[in-house]
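Single-letter residue listing:
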Amino acid sequence: VTATTTPRKASSRRFRFNWVDGFLWFIRITALIIIAVGLTGSIQKFAGGEGPTLEGWRELVISSITTGFMYGLIALGYSMVYGVLGFINFAHGEVFMSGIMVGVVMSSIMFESGFWDANPWLSLAIILLVAMLVSVGIAILAERIAYRSLRGAPRLIPLITSIGVSFFLQYAFAGLFGVQARTYPPAPGNIGDDIIIFGIPVAGTKVLVIGVALATMVVLWLFVTRTKTGRAMRAVAEDKEIAGLMGINVDRTIVTTFALGGAMAGVAGLMWALLFRVVEFSSGFLPGIKAFTAAVLGGIGNIPGALLGGVVLGLFEGVGPLLILDGLGIPAVSQLKNAVGFAALVLVLLFRPTGLLGEQLGSEDRA
Amino acid sequence: MKDFPYVRMMGLSAGVSMSFVGAIGMVESFNSRTLIEPFLSLGTFTLYGIVFVAGYAAARGRPNPLEPPVHDAKAGLATGLVVGLLAGVTTALFVLLIDVLDPSEHFPNMRPAMVDAMTFDLGVPTGLLVIIAISAGVAGFAGALHGLSERNRRGASAAILTILAFAFFEQVVADILDFADFVVDFLYTPTGALQPWSAVIVGALAWWLALRYQGRLTEFSERVRESEPKSRLRRTLILSGIALAIILPMVLGLIVNELLVNVALFILMGLGLNIVVGYAGLLDLGYVAFFAVGAYGTAVLTSTSDTGVNFGLNWWLALPIVMVLAAIAGLLVGTPVIRMRGDYLAIVTLGFGEIVRILLLSDWLTPLFGGAQGIRRIPGIPVPFKGEVGGTEPQLFIYVTMIFVAAAAYISYRSQNSRVGRAWAAMREDEDVAEAIGVGTVRAKLLAFISGAMIASFAGALFSAKVGTVFTNSFDVFVSIIILVIVIVGGMGSIPGVIVGAVVLIGVLGGPKQPGLLQEFSEYKLLIYGAILVFMMLKRPEGLIPSVRRSRELHHEELSQDAWLDKGGSFADDEQESAEV
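In order, the protein sequences belong to chains A and B. Oh and the first sequence: position 156 is 156 in our numbering, straight run, nothing missing. Oh and the second sequence: position 487 is 487 in our numbering, straight run, nothing missing.
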């Protein structure tokens, strides 16, 4: 059933040049020219003494990287579900949001009682645990109620369903927690203080965020490559039916995949609590789409790729507007940050649809 | 009760749903509207509607194709009572919890007022027993309905639905019966709730009519379904539909007509998206971008304000220019995504939609599009003998809109069986095979995007003439999603489906910014849209009025899987099926 497509496509396209290809090349080249012109313009400006100072740039790069790590962790949820089931779980951004929403209630209770500043590490651990538990719970519930019975359906059906789940969750949380934004208390104790690394002062929260992201990543990597469950996941990604015949419990493996994605989203939730702090019911939507971009950028289904994609995207949208658009003479470039993020997605898919590190998909999904 | 786990599951999920509905504040805010005087408010209806449905479904038993459902009054009553008790106790415990803890500091809707709303102001111990009693009674009643004969069950459902329709659509009924004020005064209270006696009368009438004409109605709909596409019957039906559409706005009042204009705009966009999603199978989540191009294009071309760039053109002159702009936009969005996989395409188009909105809002393009200020002073549509018709005269504006709806419906209808329509169908079913047999998929995809974009630009042009001022917040991603819900609820690829979908969803629930007939829903609109989307995908992916071909595709998939399992891996049935197609 599956081995019908790939070879023919490659050979027939190589010798044909039609106007669509021409147009695509035109877009690619125009994009490159715009980037080049913008870069030279910005560099001239900076050489003339305009723009942020060196410290300003350093701050920008560091915060872009930390944001990127957060995107990367959310992206893992997309990537693993896509690898195993072949569908984009559009509601994953809301899985992330659910964790931070419950976390913010928890944190304000702890803050008011003085627990927050008295036991800084313990409170952060509690927030992490709460965010992870809630995100995992929501992810598993969504899988059980909405996605499970759609496994054999045409691939757009589960995607449309997940859009419905996404909106349902957003407005369910709006109803439960209210529509107004809430704020996490500032980082407890001395966690937020600057730490000097190679003579550069970096906010402690950012160091913590990067450390947690890397540690989580290593744990996940070991889990997927070294444990029996991880092997089952890869087997299910390769071929569900055969994996089932080999005695793997496909249902349970898929639930595990969703749970892992939810747990990663929970970790990303802690980072949000430390970095951005402001939370509302729609907080998951944009990070969700950005994280999907990161997953595609790194190569969907590829675990280290997701984190790399996150960092690259974070840098691109953090530094890109200032570095490229500013040079084109566009005013108030920071307004266009999200547009740059989306443009990055389009450009990635135009230049390298398999992502930076290549896709690792099951054979069912390569078509 | 042979299937207790199922009954327990139904009871508990009904209880959780009821608690959820209470927790998000739905009951409290819906209680402001009374449906039937004095006892049934919209909040009560929502709360106990859940347990009614659960009781009925549990008494029918787990859906099982091998065993026909059992219809037995006593067993149904017992099952219903158990479901109702479980649901009622769950809800009561939840209310008790809220009452004791009062978490309103963190959960603003879980406050004492909500407890009062759920317990009918009776306070905690008494009110909780009332919740349990009503929920058991309602579910038991629903279960006992299974004791009625097939005919009477239909009569009962007709009666219930008619009463609800009269209660919900009070405004429409009052408008239609405008010439007979005394009937309206008899039926409704001054605040617009149904009088208890009129509920009884209306229900009995509907029951009687259902008993009398049920057979003929099914016979008739059977005949319509069997008839050829161009038969006399279908033509008569379509003509009477058009006649109804022409007469209805004259009868209805200002508010309902305003609503109809919104519905018509969404029908228009639904028809456009239907070409892209329903015919060509390209999931476009950024469809609002084309709507925005139409609206902003018209605004820039026709606006007479002193600020920014504007041309002050006549609306009819601006329209062709806007159409060309939209076609270019369709080409620009369509070309980069042509080689992308279906799901990547969805996210990328979503990205395009957001890019357009961000650009419209940015300082960079403010000189052209006004940024957050938007574009003001957009004149209406010049109509012979009537001057400029704008949103202040919905009774006239609706007809202008209808012309475009009719045009879009005609274009959709004709393209369905044309060369490109067949190319779309082939591409939707299997792109590789379509390409292999010589279908020009590139051309087909681009044509789908362009025609979808042009239809959306009609809607945009009408929208800006209607509202007179365009802001970017009318063009966020929710618009795209709501149009998608319309197409899916109606049935992908089905023109009557899109019309019914828009009337039901936009007319009742309302659009992204526009209120519907049930204005109380506005806060929970997107929650309900999300739930509807999930429900439709799980239970009826082909939509309310399915297109024959599309539903065959969807069920073909299931069929072939079952066949594959049954026959130990051979696709014998599958081949037969495709031979029939």
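Where hints are given, some of them may not hold.
Not everything, but these chain B residues come out facing chain A in the computed CB check (under 8 Å) [said to hold, decoys possible]:
hint: 1; residue: I24
hint: 2; residue: L161
hint: 3; residue: M340
hint: 4; residue: Y344
hint: 5; residue: S362
hint: 6; residue: P515
hint: 7; residue: L517
hint: 8; residue: L518
hint: 9; residue: Q519
hint: 10; residue: E520
hint: 11; residue: F521
hint: 12; residue: S522
hint: 13; residue: Y524
It should be emphasised that the hints constitute simulated quantities derived from the structure, not laboratory data. Here a beta-carbon is modelled for each residue, glycine too, at the ideal position from N, C-alpha and C.
Find the hints from earlier in the document that the structure breaks and name them by number, from lowest to highest. 2, 6, 7, 8, 9, 10, 11, 12
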